[in-house]
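Residue numbers (UniProt numbering), protein chains in the order written: chain B, 1 to 61; chain A, 1 to 61; chain V, 1 to 61; chain L, 1 to 61; chain G, 1 to 61; chain P, 1 to 61; chain C, 1 to 61.
Hints are computed from structural coordinates only; laboratory data are not their basis. Check each hint, because a few of them may be wrong.
Only some residues are given here: those of chain B computed to face chain A with a beta carbon under 8 angstroms [what the hints assert, rightly or not]:
(1) R2
(2) V29
(3) G32
(4) D34
(5) I55
Ideal Cβ positions, reconstructed from N, Cα and C, are used throughout, including at glycine.
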Amino acid sequence: MRDPLQLVKSYLEEKVCIYLRDRSRLEGVLCGFDEHMNVGLLIGGEFMTVRGESIVMIGQE
Amino acid sequence: MRDPLQLVKSYLEEKVCIYLRDRSRLEGVLCGFDEHMNVGLLIGGEFMTVRGESIVMIGQE
Amino acid sequence: MRDPLQLVKSYLEEKVCIYLRDRSRLEGVLCGFDEHMNVGLLIGGEFMTVRGESIVMIGQE
Amino acid sequence: MRDPLQLVKSYLEEKVCIYLRDRSRLEGVLCGFDEHMNVGLLIGGEFMTVRGESIVMIGQE
Amino acid sequence: MRDPLQLVKSYLEEKVCIYLRDRSRLEGVLCGFDEHMNVGLLIGGEFMTVRGESIVMIGQE
Amino acid sequence: MRDPLQLVKSYLEEKVCIYLRDRSRLEGVLCGFDEHMNVGLLIGGEFMTVRGESIVMIGQE
Amino acid sequence: MRDPLQLVKSYLEEKVCIYLRDRSRLEGVLCGFDEHMNVGLLIGGEFMTVRGESIVMIGQE
Chain B
1 MRDPLQLVKS YLEEKVCIYL RDRSRLEGVL CGFDEHMNVG LLIGGEFMTV RGESIVMIGQ
61 E
Chain A
1 MRDPLQLVKS YLEEKVCIYL RDRSRLEGVL CGFDEHMNVG LLIGGEFMTV RGESIVMIGQ
61 E
Chain V
1 MRDPLQLVKS YLEEKVCIYL RDRSRLEGVL CGFDEHMNVG LLIGGEFMTV RGESIVMIGQ
61 E
Chain L
1 MRDPLQLVKS YLEEKVCIYL RDRSRLEGVL CGFDEHMNVG LLIGGEFMTV RGESIVMIGQ
61 E
Chain G
1 MRDPLQLVKS YLEEKVCIYL RDRSRLEGVL CGFDEHMNVG LLIGGEFMTV RGESIVMIGQ
61 E
Chain P
1 MRDPLQLVKS YLEEKVCIYL RDRSRLEGVL CGFDEHMNVG LLIGGEFMTV RGESIVMIGQ
61 E
Chain C
1 MRDPLQLVKS YLEEKVCIYL RDRSRLEGVL CGFDEHMNVG LLIGGEFMTV RGESIVMIGQ
61 E
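Chain B on its own, in the form it takes in the complex (with noise of 0.2 angstroms):
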């Protein structure tokens, strides 16, 4: 079994695909997560902090 965040931690410093429950989509280099699903972005040189309850999923790229 791969724990949830565990698999969020596969992804660093890859390009994910972050779902928002607004329904729009951020794409960039995950460079950071906590246990709340927080995750910080480098989206075009610029870094981003998501909150973890505006996130629906996080994927691959």
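Position chains A, V, L, G, P and C relative to chain B; hints supplied.
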């Protein structure tokens, strides 16, 4: 009695259908879950982590 | 007084109706539940795990 | 001062009206409740368990 | 400084107006409250218990 | 760095604007707050207690 | 790996863009934050405290 999370465990490595709060559905192989019902799915060769709070229900395909 | 979760326990192995927040209904045999009112249902031979946070109410069929 | 849950206790075995977040109403005899304001109702001979998070208010009929 | 719950306490036995999340209003005598801002109201001779999570604000009438 | 709740403290006894989740605004003198960002306001001589969960932001007037 | 809250710390005293759940945006200098991602902003000479629960994401301007 079958504890709901034990039931989810019985779906591991099987094809499942995830019903989301926004009424969309995801189908894939369940590769992991945790006590918050965050789940890891394998969908067409790509891994996806889905947050429990976005999930309404998980069923056998 | 009958504790609400004790009441759910009395429905075990019986047909129940689950009313969801999106106003849809599920009917099946209740095979398990936990303190968060996550429930396990048997619907037409397939198991389904429903998250408590999506449930408005559970009643005897 | 009357603690709100003590007030609910005073409605036990009486007919109550439950106002839900989706603006619908339930009427029945209150047969139980817990600290999350999950409640057990007897409606026309059938038991119903209502999750506290779906409830706006509970009043004497 | 006046702690918000201490402020609610100062409304006890007085007529208050409760503004709910669904934009409706309740007027009645405040007869109790707890730390979750669940409140007990006396409205036209009938008791009503209102869940804190449904409340936006409580004010003096 | 200025902790956000310390910032709220600096608004005490001053006129503030409270932006609510339903997009309405309240203006009044901030007379108290707690760690949940529940606040006490004095609006035109009347006290109002606003639940933190209904608040998007608090700003100096 | 860069912890998402550490990432927010790296934006301190810089211009940031806050994306809110109601799809509006705030731009200002980040002057503080806490573990709930409540933030303090300086917008045109006025301080504003924004509740974490209203925030979708925080990014460098």
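- Message: Is the interface hint satisfied for D34 of chain B? The criterion is a beta-carbon contact with chain A at less than 8 angstroms.
- Response: The hint is violated - D34 of chain B has no Cβ within 8 angstroms of chain A, the shortest such distance being about 13 angstroms.
- Task: Using Cβ atoms only, decide whether G32 of chain B comes closer than 8 angstroms to chain A, and label the hint accordingly.
- Result: violated, 15 angstroms
- How about R2 of chain B: closest beta carbon in chain A under 8 angstroms, or not? holds, 4 angstroms
- Task: Would you settle whether the hint for I55 of chain B is holds or violated, based on the nearest Cβ-Cβ distance to chain A being less than 8 angstroms?
- Result: holds, 6 angstroms
- How about V29 of chain B: closest beta carbon in chain A under 8 angstroms, or not? Hint violated; V29 of chain B Cβ to chain A Cβ min 16 angstroms, cut 8 angstroms.
Checked against the numbered hints above, the structure violates hints 2, 3 and 4; every other hint is satisfied.
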